[in-house]
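Peer 1: Quick note: the sequence shown uses this note's numbering, first residue 1, plus one each step.
Quick caveat, the hints were computed from the structure, so don't treat them as lab data.
Backbone N, C-alpha and C fix where the C-beta goes; we use that ideal spot for every residue, glycine too.
One or more of the hints may lead you astray.
Taking CB as the label site, the calculated pair distances span [what the hints assert, rightly or not]:
#1 TYR35 <-> ALA58: 32 to 42 Å
#2 VAL25 <-> VAL53: 42 to 52 Å
#3 LEU26 <-> GLN3: 42 to 52 Å
#4 ALA57 <-> VAL28: 51 to 61 Å
#5 TYR35 <-> HIS6: 32 to 42 Å
#6 TRP20 <-> VAL53: 55 to 65 Å
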Amino acid sequence: MAQKEHDTTVIRTGGGGAGWFIAAVLAVILLLGGYFLLTGGVFETQRSVDIDVQLPAAEGQQ
């Protein structure tokens, strides 16, 4: 029995630039979001928290 010879066919389709465009838009969004987070004071460590709680006196204590 004779074996058939197989030809290898490579099909390349030209991808558009849509993937790179989406990646660039996402990178810009991440950079802008990071800029607003860092300059907006979200990560500031010097915050003043003042909590004043006044509880009523318990019965029997004066």
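Peer 1: Decide, hint by hint, whether the structure agrees.
Peer 2: A quick look at each hint next to the structure:
1. TYR35 <-> ALA58: 32 to 42 Å: The hinted range 32 to 42 Å is violated for TYR35 and ALA58, with Cβ atoms some 52 Å apart.
2. VAL25 <-> VAL53: 42 to 52 Å: holds, 48 Å
3. LEU26 <-> GLN3: 42 to 52 Å: This hint holds: roughly 50 Å between Cβ atoms.
4. ALA57 <-> VAL28: 51 to 61 Å: Given a distance of about 60 Å, which is inside 51 to 61 Å, the answer is holds.
5. TYR35 <-> HIS6: 32 to 42 Å: The hinted range 32 to 42 Å is violated for TYR35 and HIS6, with Cβ atoms some 56 Å apart.
6. TRP20 <-> VAL53: 55 to 65 Å: For VAL53 against TRP20, whose Cβ atoms are near 56 Å apart, the range 55 to 65 Å holds.
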